[in-house]
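Here the protein sequences come in this chain order: A, B and C. Mapping of the first sequence onto my numbering: position 252 corresponds to residue 252, and the numbering continues sequentially without gaps. Mapping of the second sequence onto my numbering: position 65 corresponds to residue 65, and the numbering continues sequentially without gaps. Mapping of the third sequence onto my numbering: position 154 corresponds to residue 154, and the numbering continues sequentially without gaps.
Do not take every clue at face value.
Claimed, not checked - Pairs of lysine-lysine residues, derived as DSBU-like cross-links and limited to a Cα-Cα distance of at most 35 Å, are as follows:
no.	chain 1	residue 1	chain 2	residue 2
1	B	Lys4	C	Lys237
2	B	Lys193	C	Lys141
3	B	Lys149	C	Lys68
4	A	Lys242	B	Lys149
5	A	Lys147	B	Lys110
6	A	Lys242	B	Lys229
7	B	Lys110	B	Lys149
8	A	Lys147	B	Lys193
9	B	Lys149	C	Lys176
10	C	Lys198	C	Lys71
11	A	Lys57	C	Lys71
12	C	Lys176	B	Lys177
13	A	Lys5	A	Lys147
14	C	Lys71	A	Lys126
15	A	Lys147	C	Lys141
16	A	Lys133	C	Lys198
17	A	Lys259	B	Lys110
18	B	Lys193	A	Lys8
19	A	Lys184	B	Lys149
20	C	Lys237	B	Lys192
21	C	Lys148	A	Lys147
22	B	Lys177	A	Lys195
23	A	Lys8	B	Lys177
24	A	Lys57	C	Lys235
Said to hold, decoys possible - Now the in silico label distances, taken between C-beta atoms and shown as ranges:
no.	chain 1	residue 1	chain 2	residue 2	range
25	B	Glu237	C	Pro152	56 to 62 Å
26	C	Thr174	B	Glu143	22 to 28 Å
27	C	Ile98	B	Tyr12	40 to 46 Å
Stated by the list, open to error - Only some residues are given here: those of chain A computed to face chain B with a beta carbon under 7 Å:
no.	residue
28	His47
29	Met177
30	Asp215
31	His278
Keep in mind that the hints were calculated from the coordinates and are not lab data. Yeah, the Cβ is synthetic: ideal placement off N, Cα and C, and Gly gets one too.
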Amino acid sequence: MEMIKASKLIFDYIRRNEEDQIEEVNRAIDGLDAEIGTGDFVAVLGHNGSGKSTFAKHINGILLPTEGTVWISHMDTKDVDRIWDIRKTAGMVFQNPDNQIIGNIVEEDVGFGPENMGVPTEEIWKRVDESLKAVGMTAYRMRSPNKLSGGQKQRVAIAGVMAMRPQCIVLDEPTAMLDPNGRKEVIRTVRELNKREGITVLLITHYMEEVVDADRVIVMDGGKIVMDGTPREIFAQVERLKAYRLDVPQITELAYELKKAGMDLPDGILSREELIEHLVPLISTGV
Amino acid sequence: MAIKVEHIDHIYGAGTAFAQYALRDVNFTIEDGEFVGLIGHTGSGKSTLIQHLNGLLRASNGQIYYNGECIYTNDYDMRALRGKVGLVFQYPEHQLFEADVFSDVCFGPKNLGLSKEEIDARAREALGQVGLDESFYRQSPFELSGGQKRRVAIAGVLAMHPEVLILDEPTAGLDPKGRDEILEEISELHRKKGMTIILVSHSMEDIARYASRLLVMNQGEKVFDGTPKEVFRHYRELEAMGLAAPQITYIVHELQERGVGIPQDLTTVEEARDAILQAWKGK
Amino acid sequence: MLREITLGQYYPVDSLIHRLDPRTKLFGTLVFLVSLFLSRNIWGYLLATAVLTAVIRMSQVPFSYMIKGLKAVVILLLISVSFNLFLTSGEVLARFWIFSVTREGVRMAGFMAVRLIYLILGSTIMTLTTTPNALTDGLEKSLGLLHKIGVPVHEISMMMSIALRFIPILVEETDKIMKAQMARGADFESGNLIQRVKAMVPLLVPLFISAFRRATDLAMAMEARCYRGGEGRTKMKPLHYSGRDHVAYGLMLTYLSGIVILRYL
């Protein structure tokens, strides 16, 4: 069963002048079709302006399609009556950790979503406890968000979404403003939620190291999906990724360069161990 | 000898029970024309340190010399120092304020009290250095893309004609293309204009590619100072500080442990490729 | 300097005072402030001191932490004390240049200083022991009557709570932008008034832009978390009066009557 489905999706950013006439139309998404299965961990890659964030904002109805349709668990996002069900089903985590935390105390922020949904008090507490535990932030529940590191703030934001009991979490470049440790912390948390709780994850990013563990990688360019496959399939195409102005992890790039120079290596090597295992016999025998 | 830092401490809340060392006994000299990488995890004191180099923060103890002159003497011209030691903060686009790109870049030179012609000439030159042509001059900086905004902000500092350029994570939040463009422009300023560069970065790969010297900060102290190759040799200690070496360093070390004879101290993809191919063909 | 203001910064310990209902604390603070203005003689202030000391002890907030908040108002304190000291007429104690210090002036200045310090300490206790959210909840509930006549009480308290959350962030941001402009040669410290006002433009414009950007982001994040105003919302921490609140109200009334009686001593 698919969690998210987009069909012939088109979205235009329209700029109007003072007289409300259309001044400029900017097509951010251009006929996108996609299906994302329940429980999948899908990474969406693309340079700035590729349409990946615009797509993300369609998933819980923050943006509505100019043309085409997006369904979340079979609900059409254009259906005004179901907008709150849609937002409950697909939670969102944004890029700037400071600008999405509402509460002045960690646990109160996590409770914000359930409060809005009208969840009874006792149940809110239960959900807050569980969500904080799920992201490993229980020890910080009474802290002010301002005193946390970037990675911790993002984990609080994730807990805030978890407390709404979504089936799917969309993370829109959640690590772009973090340092390497914070980045790892957030990705590990998301990965665990996907594995343990079976939550569908859509991770928007431009850091390649973060997508190595995904079940599936989608590359966007010019508002369309241009590549779609497992990380290994995607990373085997180094030249193509570079053409889409994306990076390749150093390991993959080194393997690719060595293969180009004649060494007999498989395509799309992703991990250090894998590269070493293949290199050592090749070098020692010289073939 | 451009900048000499002698035994500086920076203490927050000095004299109270909450006194905290943000910097402790930091020493180094940066020579003219060096390209120095400064690394350390968040809170290691690196941001505090760079704000000392142009006098925005004052050391609690110790001295800083610029071209041999102590910047803490009473009649030292701090504003002139800020013109010579340009500092580009993290997310510098947040400081843009003028209605158009060109005026914003003029802000720095205007504060230096230069003539109108000189200001104009410098703004044009600076915008050229970051790859923005005349079509951008009259645009509002707020309607540009993230990478373009950042280049306008960097031009704003370059227009002051600094001799030393300090950049605090100039590529944070940019996509790979934006990142590469900015790093290339910085590298060009170093190569062609001989500008001294201090680059703060979390990306060991970028540092390994561009810097000829590396300073590592941890808990307010300078812990390593050397070429990238020397410093990355301590990758285990770096890890203990929450840092890492470039991916390539790990590959090279593991290959060595497995008995493959390749030189140590490789940090970039190109170096590793050549060394591995040599070892392979040598058989 | 701005960062040292303790007013509004919750101090997380679990004390009897922390556990009181925010409405009780709001009312208590009000009673205490009123009592300071009712007191006319030393006995009233002695009672106020005793009560304040007891409450501070019970709150388990270190006194040293609490007086950090006083630093920010030292100037205000000095001004009002010197006004009282020099401008009250009466029996002259000392005289220099055009100023004269009178017995009444000393007395008034003393009371004024104590009154101001207690006023700040009193309200600081409330903000130190009550989370901003609980505080706004308390206000929202206390002002419930206003809601009936169409005042958007929930919206106002939500705005207050968001303001409290973003003040430290914007203070930090101001500091950063200021430094960034100083690195470009800006001068915020010298020049005449007009020059100084003009020098603020490169600080204020980026600050406003940043505030708007944050507001847009926050609004989107709130909507994504199903925020749709006060209707149909439940509370994670609903307000319930418990036994200790009733006791507290009783004590407050006793205290207030005590102050009123002491007034006529």
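| Range hint 22 to 28 Å: satisfied by the CB atoms of C:Thr174 and B:Glu143? | With a Cβ separation near 24 Å, C:Thr174 and B:Glu143 satisfy 22 to 28 Å, so the hint holds.
| query | Are B:Lys193 and C:Lys141 close enough, with their CA atoms no more than 35 Å apart? | reply | 66 Å, violated
| query | Between A:Lys259 and B:Lys110, does the CA-CA distance stay at or below 35 Å? | reply | Between A:Lys259 and B:Lys110 the Cα gap is close to 55 Å, so the pair fails against 35 Å, i.e. violated.
| task | With a cut-off of 35 Å on the C-alpha distance, tell me whether A:Lys147 and B:Lys110 pass. | result | Violated - the C-alpha atoms of B:Lys110 and A:Lys147 are around 38 Å apart, more than 35 Å.
| field | Hint consistency between A:Lys57 and C:Lys235 [alpha-carbon to alpha-carbon, up to 35 Å] | value | 28 Å, holds
| Would the pair B:Lys177 and A:Lys195 pass a check requiring their Cα atoms to be no farther apart than 35 Å? | 32 Å, holds
| request: Mind checking the alpha carbons of C:Lys71 and A:Lys126 for me, to see if they're no more than 35 Å apart? | output: 42 Å, violated
| When you check the alpha-carbon spacing of C:Lys176 and B:Lys177, does it fall within 35 Å? | 27 Å, holds
| field | Restraint status (C-alpha distance of A:Lys5 to A:Lys147 at most 35 Å) | value | Between A:Lys5 and A:Lys147 the Cα gap is close to 39 Å, so the pair fails against 35 Å, i.e. violated.
| said: Check the hint pairing B:Lys110 with B:Lys149 against an upper bound of 35 Å on the C-alpha distance. | reply: 20 Å, holds
| Going straight from one Cα to the other, do A:Lys57 and C:Lys71 come out at no more than 35 Å? | With Cα atoms ~47 Å apart, A:Lys57 and C:Lys71 exceed 35 Å; violated.
| Would the stated hint for A:His278 survive a check requiring a Cβ distance to chain B of less than 7 Å? | 11 Å, violated
When held up to the earlier numbered hints, the structure conflicts with 1, 2, 3, 5, 8, 11, 13, 14, 16, 17, 18, 20, 21, 30, 31 and fits the remainder.
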